[in-house]
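There are 2 protein chains.
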Amino acid sequence: MSSSVNKHVLVPIGEGTEEMEAIIVIDVIRRAGAQVIVASVENSLQVKCSRGVNIIADSLIADVESQQFDLIACPGGMPGAERLRDCETLERMTIKQRDEGRLYAAICATPAVFFQAKGLMDGHRGTSHPAFSDKLVDQSLVQERVVVDGNLTTSRGPGTAFEFALSLVKQLYGAEKAQQVAGPMVMYPYEL
Amino acid sequence: MSSSVNKHVLVPIGEGTEEMEAIIVIDVIRRAGAQVIVASVENSLQVKCSRGVNIIADSLIADVESQQFDLIACPGGMPGAERLRDCETLERMTIKQRDEGRLYAAICATPAVFFQAKGLMDGHRGTSHPAFSDKLVDQSLVQERVVVDGNLTTSRGPGTAFEFALSLVKQLYGAEKAQQVAGPMVMYPYEL
Ligand SMILES: [Cu+]
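Heads up: the sequence lines are chains X and B, in that order.
If you count by full-length UniProt numbering, then the first sequence holds residues 1 to 192, one letter each, in order.
If you count by full-length UniProt numbering, then the second sequence holds residues 1 to 192, one letter each, in order.
The hints are simulated quantities; they were obtained by calculation from the structure and are not laboratory data.
Please read all numbers here as calculations on a predicted model, not as lab measurements.
It is possible that part of the hints are untrue.
It does not matter which identical chain is meant; a pair holds if it fits inside one copy or across any two.
[To be verified] Derived DSSO-like pairs (lysine-lysine); straight-line CA-CA distance at most 30 angstroms: (1) LYS177 <-> LYS135; (2) LYS177 <-> LYS118; (3) LYS96 <-> LYS177; (4) LYS177 <-> LYS48.
Model the full structure from these sequences, guided by the hints.
Printed below as a string of structure tokens:
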């Protein structure tokens, strides 16, 4: 986990993505020094999120399909989770990510609505938003705020998004970097 | 604090605004049912935030100056806090807001960089980001994560932004509404 190596991270967004979950993941991972590409699964770079905030993505998803990412991190929100699920490019990319042993992650509705629907939870424990977590096949860790199981990380909602993002920083760069990023953000007390 | 009355909230943003602080405040307060206007203090609606996320504001600040808001809530980030401070329209609006006894609020660098510089902290206790809070004249509550003093609310950084936003919901709509909004977000444990 050399922090001198530049890490590349994909954050896909679509109509109805939860903007807090997207932005917290993008911002926190950029604070760690990673190159984060925000990619729209829609036909336009401009995406209207779940509470009406309009964000301009860096790329269309098709334009980054050939790139290799150290992490694919999917925000939640509805219908955002369905928009991500229904994007065949993102599905291919995430299955390849899983098959090649690199990190992939989802929060809120997306573990249940996208990842489980496409077999990406198979053999993995995880969690999802309380309104969706009862649909997960493996219920053993659904009460946890963040679950890391192998190369899959899942989490529950906007209120767990900082913990989710900092867990991803820790997995990419190590605990020391995660602490460095957490400090100036004035995090609430929790176990990193 | 009748929740049947529609509340109007202004969230100003500028180049280098901390996107997590802006989006958390906008999103959480919209979840409570308020009409939130995101207003750019720049010449364009599209604003590049502190970690490179491009957000499209709803209005230019000049176009909403004549409107009355129940709350003006200012995000932090640098140089975002300076961009808000240097906007004369926003300065006039916030001074009027204070003088007429309505709610105004700032987080992160903004209490020190904007509010104190323009006299908006005078006679008020508050806090600011740890890198700026030693500059506040009144040091009595700077260690607090959120300070409500009269109609002024201040807070410290991205990691306190949910608490800040939910405190504003509580002040606008009451504690019950704040609890209703907090629940589905899967908040970390803290005293609302
Ligand atoms: Cu969500």
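Verification of the hints:
Proximity of LYS177 and LYS135 under a CA criterion of 30 angstroms is satisfied inter-copy only: 28 angstroms between copies versus 35 angstroms inside one chain copy. Proximity of LYS177 and LYS118 under a CA criterion of 30 angstroms is satisfied in neither setting, with 33 angstroms inside one chain copy and 37 angstroms between copies. Taking the shortest alpha-carbon separations for LYS96 and LYS177, only the intra-copy value of 27 angstroms comes in at or below 30 angstroms, while the best inter-copy value is 43 angstroms. Only between protomers do LYS177 and LYS48 lie at most 30 angstroms apart by alpha-carbon distance; the minimum there is 25 angstroms, versus 32 angstroms within a single protomer.
Hint 2 from the earlier list is the only one contradicted by this structure; the remaining hints agree with it.
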